[in-house]
Amino acid sequence: MQNRSQSGQNKKFNILFIISTGILVVVLAVTFAISAIYSKIPEEDSHKDTLSHESPKDYKYHFSVIMYQLTDSFLTGFSSGAAEIAEKGDVFIEFINAEDIEEATKNINIAIASKADGIIAQGIYDEEYITAINRAIGKEIPVVFAYTDAQGTDRNCFVGYNAFELGKSAAKRTAEAIAEEGEVALLVQSFTQHQHDITSNLNILGFMDVMENYENIEIVAIKKTNQELLSAEDITYEIISRYPDIDAIFCTSEKDTIGAAQVLIDLNRVGDMALIGTGAARTILEYIGNVIHVSFDMNAKEMGKKSVESLIEIKEKTNSNDFIDIPFDIITDQNVYKYKK
Amino acid sequence: MDWKRKFSLNTIRKKMLFSFLLAMVMMGFVSAYMSINSSNFLQKIDSMFYSSIIYQDVKLHLEQAEKNLALYIQTKDSDYLNDYILHSEMLEQSGQTLEKELGTRNPFKINKINNLIETFTESSNRAVYARRGRDINTSRENYVEAHSTARYIMEEIEKLNLEQLETNTQYYLALSRNMAKVQKVNGIMIVDSIVLGAIIILYITYKMTDPIIKLSHSAEEISKGNFETEEVMVSSKDEIKVMAEAFNKMKESIRNYIKALHSKAETEAKLMEKEMQNLKMQTLLNDAQLQALQSQINPHFLFNTLNAGVQLSMLEGADKTTYFLENIAAVFRYNVRELDQKVTLKDEINSVRAYLDLMKVRFGEDIKVIEKIEDSEMLDMHMPPLILQPIVENSCIHGIGEKENGGTISISIRQTAEYGIIKIEDDGVGMDEETIHAIFEEASKQEVPFTKPKKGHTTGIGINNVIQRLRLFYKTDDVISFDSTKGEGTKAVIKIPLKLEEQSNVQINHSG
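If you read the sequences in order, they're chains W and P.
Residue numbering for the first sequence follows our numbering, starting at 1 and increasing by one per position.
Residue numbering for the second sequence follows our numbering, starting at 1001 and increasing by one per position.
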């Protein structure tokens, strides 16, 4: 009897041993697996990180795109268009949005020193900047100006809208908005106060060219905004306070348009003043039909595409165009829904 | 088959080796894993800073090259030129290292830096050549270009460093998060492996020592002389099992041996006891024989003395005394004979007559005797001796002796077809039924004790002795009967079966 109970106890003891050993082995295996997995995870992450970078040999060309103080919406459109073509053409694009003209100049110099295959930049009339551009051209690095053009360089090509045409179109829209009668002001974006700033000059010329035909419309002010923060707001306040009876304001840049619209709202002049703007930023699209009468879209994406395309063409010596016109669109309350998508 | 035997844990040594090695290997594995784990961690940390070290290298050589270039252009000292050449070469080497080590991680930026380095060396070399050719203007121009290029390189490297720091920070955060988890899990793993090792060692130790402890307990019990301990059961298949089996066998055989010794001793003791009993019996027998001899002295001596008395009385002419003594002698002679010698009825009657004559002397004429013998042939009939006399004696003493004015004893003998009937009657005090019953009861007992006869009255043989002898002789219980009425007398009837009498006659003759 005792023996049997003893053997039963033995059996229990054995089972207990097997169970506890089994559990411990499983725990050991599980902890080992977890430990091994967790030890590996960051490695995989970093591996993924390196994979996300493109490998060097795939690129035919390396282009530097140096833009100057562009708004996010324009830059996003421009860079997405550029990237689209770059990907197709085996081109690596380095985007730089310079904060000031010195930075832009420096980046042009870096692009030269780092032997970039091509430069896409804005045409800005600044002595140092133009020198750098010319040095690049001297080192046989092709330069394409985009959005704004500048005189005094041997730039290979300009890709942008027809500023004169835009001025004309804006004048027509303004006249229409104020029933061909009243006081009108111009806010012209300029990257430099220099007279060599072709784009803004063409804007003004185009606008004035049309306005000459309307006898009852008086251009009371033409102001050049600079790149400083809140520059457009200050100038808009100034104009309105000096000419309280003003009926319309035309802005040639996205930044200025948003600034001017803000002032109209602040001064409660919405409705009795027409704002003709430029750009397709989200805020502008919101204001179309109420604060803003119409806005001109520069087709930033198309501009980006054409810039890269023309630079590639220059590299392959198939381009002969000096100017590639990017047609602008007019955003009205009729078609604004297309842009909001 | 062979390998299976080789590798099965059938010996203590293998078991111990296996369990300890298993525990050790497990611990070793865990600690090796921990060590690899931490070295991996260190390696990862190292790799985080590896690129920074290369960047630092590039910066150092760039600074040195630029400085020495400037000094050379200023002083035209060839030492500076040598240093410049050395550092610009090393700068290019660092650039190559950069390309080789980090080229896949950030191809464009590295390519850019390398291009910048190339530009730097080109323009600085041009500056050096121009300086040698004393073209100070060109030299200065190129130096300025080299200088600004150097600045660009520095800036690019700074950018890369910042980027690297950012990714490193993220990587480090992820790593440290994971490492915290790994650390916890590793802690569990260590504790687990320790417990597992302990359990394995404990289990094997227990499994190995348990049967040894059992064996030792059993051995202790046996050493105290207790062979009735339980069998030691061992489930393992090692030397201990062999030991336990041998131990059990040993215990069993010792127990059997002791049992055999015990039974032998027991039989010897029994034998001794028997012998002792025999000896005792012998002694008792001897004693009895001696006592018998002693008691035999009396009648013979008396008998002879009586004969001397008879002769004396004859000489003196005292006839009555002679007659009396002759009767006494006759009764004695008859009484001292062997009880298994059969006699005739006539002998019995004669003995009774002599006895009654004695009694007449003793009791006077108070006793009357009437003899009535119908068939004289019966007198030749054989029968056991001393049957009638005790009955008559009983009648005299208990029946008539207790009456004041005497009584009559009548003896009659007659024959029927099957029986010879002897009837002895007295008109004494009689007996009640119970007394008769008690007499027969006493006689039915197997062992009839030798009751000592009452002194003075009897010749020594009791009624129950008579009954028993009669029953044994004739092999029937219905051989004697008493009939008595209180105050009126007693009648004893002896029925002797005639056929049996003949048979017994033959038997007795045979035996005689």
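Rather than coming from a laboratory, the hints here were simulated on the basis of the structure.
Only a predicted model underlies this, so the values are computations on that prediction, with no experimental measurement involved.
A hint or two may mislead.
Restraint-style ranges between C-beta atoms, simulated for each label pair [to be verified]:
1. Asn1125(P) x Gly152(W): 48 to 56 Å
2. Glu127(W) x Glu1063(P): 27 to 35 Å
3. Glu1063(P) x Ala221(W): 51 to 59 Å
4. Glu127(W) x Glu1155(P): 47 to 55 Å
5. Ser80(W) x Leu1162(P): 41 to 49 Å
Output of the computed footprint for chain W on chain P, the stretches with three or more beta carbons under 8 Å from beta carbons of chain W [claimed, not checked]:
6. 1190-1198
7. 1367-1376
Ideal Cβ placement from N, Cα and C applies to all residues, glycine included.
Now for the hints, and whether the structure bears them out:
Judged by the Cβ atoms, the range 48 to 56 Å given for Asn1125(P) and Gly152(W) is violated: they are separated by roughly 32 Å. Separation of Glu127(W) from Glu1063(P) is about 31 Å and conforms to the stated range, judged on CB atoms against 27 to 35 Å. Distance hint for Glu1063(P) and Ala221(W): a CB-CB separation of about 54 Å, consistent with the stated range 51 to 59 Å. For the hinted restraint 47 to 55 Å between Glu127(W) and Glu1155(P), the CB-CB distance of approximately 23 Å leaves it violated.
For the pair Ser80(W) and Leu1162(P), the beta carbons lie near 26 Å from each other, so the given range of 41 to 49 Å is not met. Counting residues of the segment 1190-1198 of chain P whose C-beta sits closer than 8 Å to any C-beta of chain W gives 4, which meets the bar of three, so the coverage hint holds. Coverage of the segment 1367-1376 of chain P by chain W is violated. Counting CB-CB distances below 8 Å, 0 residues qualify, and the rule asks for three or more.
Of the numbered hints stated above, those contradicted by the structure are hints 1, 4, 5 and 7, listed in ascending order.
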